[in-house]
Amino acid sequence: MKETVTDIKDLDKELLGKLDEHIATLDLTRKEESLIPTLYKAQELFGYLPHNLQWHIARQLDLPSAHVNGVVTFYSFFSEEPMGKYTISVCMGTACFVKGADKVLDKILKLTGTQPNEMSEDGLFTVKDVRCIGACGLAPVLTINEKVYGNVTPDDMDEIIESYRKGAADDKDS
Amino acid sequence: MIKTAEALNKWKQTLINERAYRLELKICAGTSCISSDADLIVEMFEKKVAEHGLNCEIEVVKTGCFGFCGQGPILKIEPDNVTYVRVKLADVETIFNEHLLNGRKVYDLMYKNRDDEDPAESEAGMAFYQKQLRIALRNCGEINPEKIEDYVRNDGYKALADVLEQNDPEALIKTMRDSGLRGRGGGGFPTGLKWQFTRASKSDEKYVICNADEGDPGAFMDRSILEGDPHSVIEAMIINGFAIGASNGLIYIRAEYGLATRRLFTALQQARDKGLLGENILGSGFDFDIEVKLGAGAFVCGEETALIHSMEGHRGEPTTKPPFPSEVGFRGKPSNVNNVETYANIPEILNKGAEWFKSIGTRHSNGTKVFALAGNIRNIGLVEVPMGTTFEEIIYDIGGGIPGGKDIKAVQIGGPSGGVITKDKLDTPIDYDSLQEVGAMMGSGGMIIMDEDTDMVEISKFYLDFTQDESCGKCTPCRIGTKRMFEILERLTDMEGTPYDLELLETLSKNVQSASLCGLGQSAPNPVLSTMKFYRNEYEDYAHRRKKTAYSIDPEKCIGCTKCKRVCPVDCIDGKVREVHVITESKCIACGACYDACPVDAIVRP
Amino acid sequence: MKLIDKMVTCKINNIEVTVEQGTTVLEAAKKANVDIPTLCHLDLHELGAVNQSANCRVCVVENEDRGNLVPSCAEKVTEGMKIQTDTKKAVMGRRTSLELLLSNHPKDCLTCVKNLDCELQTLANEMNMQEIHYTGEMMSHPIDDSSGAILKNPNKCIMCRRCTTMCDEMQTVGVLSPLKRGFDVVVATAFHLDLGETSCTYCGQCVTVCPTAALAELPQTASVWRRLNNENRHTVVQVAPAVRVAIGEMFGYEPGEISTGKLVSALRRLGFDAVFDTNFGADLTIVEEAKELVDRIENDKPLPMLTSCCPAWVQFIEQQFPELLDIPSSCKSPQSMVGALSKTYYADNVGIDPKNVRMVSVMPCVAKKAEAAREELNQDGQSDVDYVITTRELARMIKEAAIDFRTLPEDSFDDILGESTGASTIFGATGGVIEAATRTAYEMMTGKELKNVDLKQMRGMEGIRETSVQVGEKTLKIGIAHELGNARKLLEDIRDGKSDFDAIEIMACPGGCIGGGGQPYHHGDTSVLDKRRKALYAMDTKMTRRKSHENEMVQRLYEDYLGKPGSQKAHQLLHTTYSAKARI
Ligand SMILES: Cc1cc2nc3c(=O)[nH]c(=O)nc-3n(C[C@H](O)[C@H](O)[C@H](O)COP(=O)(O)O)c2cc1C
Ligand code: SF4
Ligand code: SF4
Ligand code: SF4
Ligand code: SF4
Ligand code: SF4
Ligand code: SF4
Ligand code: SF4
Ligand code: SF4
Ligand code: FES
Ligand code: FES
Ligand code: FES
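Residue numbers (the numbering used here), protein chains in the order written: chain A, 1 to 174; chain B, 175 to 780; chain C, 781 to 1364.
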C-alpha cells in the first residue's frame, strides 16, 4: 500500500503532544532555525523520523515538507528508519581504521546479519559506522548505546554481541 | 554576581587562600578515560574519602583529558606530584591505602618510558610530556571543568576584565595581530586580521561563532578543550565579541560530543550566574551572550559557510566565497568564525602578551599546535608542541616510537585534506610553511603514524571513501569526481585496474582540486596525490595487478609447529610437524589468521 | 540599502574592461566579447529569481594573480583583477566538470523530449565532448509521470538547482529539494513522493528553466495522434491566446510574431474536425465573472473576488490557503468553458453525439493538463477537455507532420466557438483578465459606454500592482499579482484582514500565460516575455470589438442556449467548486 504522509494516526498521541509542546516553546519567527532542534527532539521522543512525523513537523513549523526532508536526509544523525534496541557504532576514524576497525565492523555485520544503518530482523541491533568518537587512545573503539568498548578485536565480538542478545532475552522473560 | 574587575580579582584571591586541602586527587574524566571506568574510579575514591572522614583533607577533582589517553585512566596526586596510569577499579584500594593514607607511592602503577627503565614518578619524568608546551591545553587535566572557581583561580576571566577595562578594541586587535596567532581550524588564517575585517564590516548586528564541529576523523583536541576547559573558549569569545562589536555568540558543536556539550552548558550557566556573560559584563556596559547550536553529523559543516547554513536550519551546503562570513555570515550579518583551539589560546596570549606568544614557535608560525597522535605509535594521545618541533621529536621522543619493533613508513597529517610525510622527511619542522614545502598541510591536528606494513593505496582509498561520503553533493567535481576517484581506487585494489587508471586518477584529482566549490572538494584529492607522488610503486603494483594478495611462509623461520595449518579457514596450508609449511597461494583468502597464529613470525604478509 | 555606484577595472584575457562594482566576471567578460560557457547559472532577476549557486563548475576561469579557478557566474570583479579564461587549468576544469556530469547522465538524446532544445546537449557540442573517460555508477531513480502534467526524470538531473530556485523563491511553493548528500544527492519531492501527491501546482516554472529533460511537460501528442486517426471520433481543438504570439519562435520567427492564421491552418491540416478559439471562452468567462463581481458587490457577498482562470493558482489557494476558498470566482477557466460547450452546445448544433466529441486544447501551460483531469470539470461524467498539449508539443506535431509552418496560408477559427474580442486576447498577459473584466463590469454596473478601453494602469510587469477605477459612484479597488510568491503576499493580507480590494487577478506565471510552462523555452532571455506581451496588446488595439460582452457569438450563445449571464444553465455548465487540499 502506498503511504500517505498526511496520515499521522499511527504516531503515539502522547509523544506527539510532547513534541508540540516543545515546538510551542520555540521562536517561530525563525522557523527555519527551529527545524534542527525540533528534529532532535522528535528523534529523541520517537527514536526515528518516519515520513508522517516529518510532515507533521513541516506543518507545525510552516515549512515545505521537501525542505524538512532535505535537511533530515542531509545529516547522518537523523534516521528515517527505525533503530534497533541497541545501536552499535563502530568508529571508522583514522586511528581506528589503521588498527583494523574495518575487520571489527565486518564481523559485527556478519553476527547481526545486517548492513550498515539497517535494523536487524529481530529488532535488536542497528550497526553504524561512525567517525572518530574521540577515544582514539583505545582504538579500535565501538559504542553500544552509551557504553564504550576499547581495544576490541573481531574475536571479542562474538561474546559481546551474545551478551546483548542474552540481556534482551532476559529482559523479555522477566 | 561579579560586577567589576576588582571584584573578580578579589574573588580569585579568596579562592586561592581558601584552598586548604592536604592532597588533591586529579582524575581524568575525559571521554577515553571514562570509557575505561574513570567515573567509577572517581566515585570509589569519593566514597573512600567520605568513609574515612577525610573530606576536608583530600579533594577528588574530576579533570579534563591529560592527553595521554592511551595510558588512561590517569590519576595525578598533588602536591606529591605523582602520576598513575592505567588505573583500574581494583587499584583504588591500593592507591588509597598505600598512597593517600600512608604516603607510600605505588610504583607498579607508574608509567615506564621503556620496559627496562625505572618508572617515572611524575609527568616531568615521562618522555611523553617533556617536549610539550601546553598553552591551549593549559588547564586540561589541571582543573575541574565543571567549576568556574577552578578556572578563575588559574587567572580565568582576567584577560576579559583587562580588555574591558582598557576599552580599546583597536588596540586589542593590534595585540592579536602582533601575537602572530593563526587559525587552528585548518586554514591558518591570521586571527587578528580576521577580527579586523569583521570589525570593519558595518552592521547593526554581528556574530561571534565558535567552530566546534571537529570533523577530521582522528582528531579530538577541540573536544578535549571543551571537555577540560570550556571557560577559556567562552572567555575568548566574549573578548572576540568586544573586539568586533558583536553581542551574540554561537558555538556550533558536533552532535556526537555529548559530554563536551553538557560541560559547555554548565560553564555557560556559571558564567552567566557570575555576571561574566550576559548584560553589562563586569560593569563595563558591554553585553554578550552565547547560544549553543548542535550539529547533526556532517563533516562539511566544519566549513564555515556550511556551518552557518546549518545553524540557520538548512542543509549544510557551502556557498561560494567571497562573500566571506566576515561580510555576510549568520542571518546575513558579519560573523567571525574561529576554531576552538584558536580561542583557547587567546586568554593566555592576552595575559602574557603578544611578545611572549610570538617568541614561541617559528618565524611565521607562532605558538603551539595540538596534535592527536594515533596509529602505529606507542604513546597515543593529545600532544601540544611548539611550532617548529620536528616529526621525529613527536614520534620518537614524545610518542615513544613504533610498537612491535616495526619501522615507520609515513605520517599522515591534516586528515582527509592532508598528505603524507615520508620517512626521509621526518626531520621537517612542523610549521605552516615547512609543511607546505613538503606537500602536506597543518590541518586541524590529526597525526597518524603508519608503520611499514601500511598499504598506502588502501589509506588513500580510506580517506577518499570518507570525503566522497561526506561531500555535500552540491558541486559537480566533488559530487561526481570524488565518486569516480573512489571507483578507480576500488578497481585498483580489487585487481581490476589498469595503468591507464593511474593516469585518469591523477588528472581527475587535479581537476577536482582546482574546480570544486569548497575546501572539502578542493582538498579531497590531497591524500591521493600525495601518496601517488611518494608511493607510486604501490599504485603501479596494483595497476599491473602484481600486488600479491596471498600470505606466504618464510622457510627460514618456520619451525613446523602446525599452528597456522590448524587455523586456516580454507585449508590451504600444508606441512607436517617440524617440517616447513607451505601456503597454496591461489587458495589463500588473505584472512590473516595464520599470521596471528604463528609463534615465530614466519608468516609473510602480502 | 543603496549600492554605491563605484566602477572597477579588470582585465579579462588581457582586455581591459570597466564595470560597476558588483558585476560578475561573466558579465564583465561579455563586455569584453569573451564567451564563457555556463550551465547552472540563471539570471531572471527581472522575474525575481536568480540561480547563482555556482554548482556546475562549467564556467570556471583562472584568477591569474592567485592562480586558482573561480566560478565566473558568481565571482564579483574586483579592482585590478586579472582573469584568464583559456589557460590549460581553466579549460581542463570546465571540461572535467562537464565530462563528469555526462558520466552520470543517460545520453539518449535521440529519443529525448529535449533533443535539440537542451542546454546540456548544446554545451556538450560546444565543448567538443566526444569521449567520456570516467565511467562508473550512474543515478537510477524511477521516472515520475503521476501528475499527468509534468514528466520528472531524475536520472537526467544535473543538480543545477534552477528548479528549486524557481519553486522556492519565485513561487514559494517549495515542492522540490535536494535530498541526501554526496553522489546520492537528487533533486526530488519530499520523501520521493510522486509529484501528483505533493503540493505542486503544475505551474511549470521549474520546467521552463530546467536545462535538461529532468523536468518537462508530460507529452500527450501520441494520444492526440491516436484520436486524430480515429474515424469514429469528432476531434476538435482550441487554442489559448498566449500560444499565437509564441509558437512562431519554434519555427524561426521573432518572439511576439503573431501567427494566429498559420496556427489555425496547421491545426486543420493536422486533421482536427473543428478549430475553436479559447479566446471565445475568455470572453464568456469575462461576462460570467463580471456578472459575479457585480452580484457580490451589490449583495454584500465576500470580496475581493479572485479570478480563477489559472489552474496553478487555483491549486495553490486550495493547498496553501484553504480558509479562503469562498473568494475565488466560481467561473471555470476559458479552456474548460470551451470544452464544456463543445460537448453540449456545439454537439447539439452540428448534431453529433457528445460522447464522440474529443476536445484537445493547445495551451501555453502545463497546469492545464492537470486542470483537464479535475473531477469537478465534467458534464455527465465526460471531461470538459480530454487532452492538453503545450505550445511546444503542438510545434513538434507540426514538424512531425512535415508541415512547413512558414509557408502556410492564413485561416480563421470555426464558427460558434471561434469569435473573440480584444478583451480576451489580453488574457494571456498579466493584468489582462482584470482589464477585460473591468471593461465589461463598468458597462454592466453603470449602463454607460466605456470610452477609453485602454486601462493602462493595469498593465506592466511589476509583481504586484494596485489600482482603482471609478465605476459610477463606486471606486473599484483592483489588485494584480503574477508569480505565486506575489500572490502569497496578497493572500496573506486578505487572510489577516489587511486588504480592501474588490477584485484581484492572479496568474501563476511571470508575465501571465505568455511566460507559461508550456511555451517555447526562453533560455534565460526574459525580453522574450516582453515581446510576447506587447504583441497581445497590439492585437487588442487592432480589434474592432474590444469588450467581451460585445462578442456576437457569445451573445448568440446566451440567446440560443444559456439565457442570461449567471443563469442556472450557465452555472451548471460554466461554474465550478473548490476544495481544500493537504499541504505537503
Ligand atoms: C571541509 C572543511 C572542514 C572543516 N572542518 C573544520 C572543523 O571541523 N573545525 C574547524 O575549526 N574548522 C574547520 N574548517 C575550517 C573552517 O572553515 C574555518 O576556516 C575555521 O573554522 C576558521 O577558524 P580558525 O581561523 O580559527 O581556524 C573546515 C574547512 C573545510 C573546508
Ligand atoms: S566541494 Fe564538495 S562539499 Fe564542497 S560544495 Fe562542492 S560538493 Fe559540497
Ligand atoms: S591468510 Fe588465511 S587463508 Fe591465507 S593461508 Fe593464512 S589462514 Fe589461510
Ligand atoms: S605457525 Fe609459523 S612456525 Fe608454525 S608451522 Fe605455521 S609458519 Fe611454521
Ligand atoms: S536531457 Fe539533453 S543531454 Fe540528456 S538525453 Fe536529453 S537531450 Fe540528451
Ligand atoms: S549523430 Fe551519430 S549517434 Fe547521433 S543520430 Fe546521428 S549518427 Fe546517430
Ligand atoms: S510546477 Fe511549479 S509548483 Fe510544481 S514543482 Fe514546478 S515550480 Fe514548483
Ligand atoms: S531538475 Fe532540472 S532544473 Fe532541477 S536541478 Fe535537476 S537539472 Fe536542474
Ligand atoms: S499563468 Fe497561464 S500558463 Fe501559467 S499556470 Fe496559469 S494558466 Fe497556466
Ligand atoms: S579514530 Fe576511532 S576514536 Fe578516534
Ligand atoms: S581522556 Fe583521559 S587522558 Fe585523555
Ligand atoms: S554556471 Fe557558473 S558554476 Fe554553473
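Don't take every hint at face value.
[Unchecked claim] Computed from the model, here is a short list of chain B residues facing chain A with C-beta under 7 angstroms:
#: 1; residue: D213
#: 2; residue: G419
#: 3; residue: A472
#: 4; residue: H483
#: 5; residue: R489
#: 6; residue: T493
#: 7; residue: T494
#: 8; residue: P496
#: 9; residue: P497
#: 10; residue: G527
#: 11; residue: W530
#: 12; residue: R552
#: 13; residue: I554
[To be verified] Here are some of the chain A residues that sit facing chain B, going by a computed Cβ distance under 8 angstroms:
#: 14; residue: E32
#: 15; residue: S34
#: 16; residue: L45
#: 17; residue: F46
#: 18; residue: V71
#: 19; residue: S79
#: 20; residue: E80
#: 21; residue: P116
#: 22; residue: C136
#: 23; residue: L138
#: 24; residue: P154
#: 25; residue: I161
#: 26; residue: S163
#: 27; residue: Y164
#: 28; residue: R165
Just so you know, these hints were derived from the structure itself, not from any lab. Glycine included, C-beta positions come from ideal geometry on N, C-alpha and C.
Minimum beta-carbon distance criterion (8 angstroms), P116 of chain A to chain B: violated, 11 angstroms
Cut-off 7 angstroms, beta-carbon criterion: hint that D213 of chain B touches chain A: Status violated, d = 11 angstroms.
Hint status (Cβ of H483 of chain B to nearest Cβ of chain A, threshold 7 angstroms): This interface hint is violated because 10 angstroms lies over the 7 angstroms limit.
Closest C-beta approach of E80 of chain A to chain B relative to 8 angstroms, hint status: Because about 13 angstroms separates E80 of chain A from the closest Cβ in chain B, which is outside the 8 angstroms limit, the hint is violated.
Interface hint status, Y164 of chain A versus chain B (Cβ within 8 angstroms): Cβ of Y164 of chain A sits 17 angstroms from chain B, so the hint is violated.
Chain B contact restraint on R165 of chain A - CB to CB distance below 8 angstroms: violated, 22 angstroms
T494 of chain B as an interface hint toward chain A, with CB separation required under 7 angstroms: This interface hint is violated because 19 angstroms lies over the 7 angstroms limit.
Hint status (Cβ of I554 of chain B to nearest Cβ of chain A, threshold 7 angstroms): This interface hint holds because 5 angstroms falls under the 7 angstroms limit.
Proposed interface contact between L45 of chain A and chain B, which counts if any beta carbon pair is under 8 angstroms: Not OK, violated: L45 of chain A not within 8 angstroms of chain B, min 16 angstroms.
Cut-off 8 angstroms, beta-carbon criterion: hint that S34 of chain A touches chain B: The hint holds - S34 of chain A has a Cβ within 8 angstroms of chain B, the shortest such distance being about 7 angstroms.
Restraint check, 8 angstroms cut-off on beta carbons, for S163 of chain A near chain B: Result: violated, 17 angstroms to nearest chain B Cβ.
Hint check, F46 of chain A versus chain B [nearest Cβ-Cβ separation less than 8 angstroms]: violated, 16 angstroms
In the structure shown, a violation is registered for the earlier hints numbered 1, 2, 4, 6, 7, 8, 9, 10, 11, 12, 16, 17, 19, 20, 21, 24, 25, 26, 27, 28, in ascending order.
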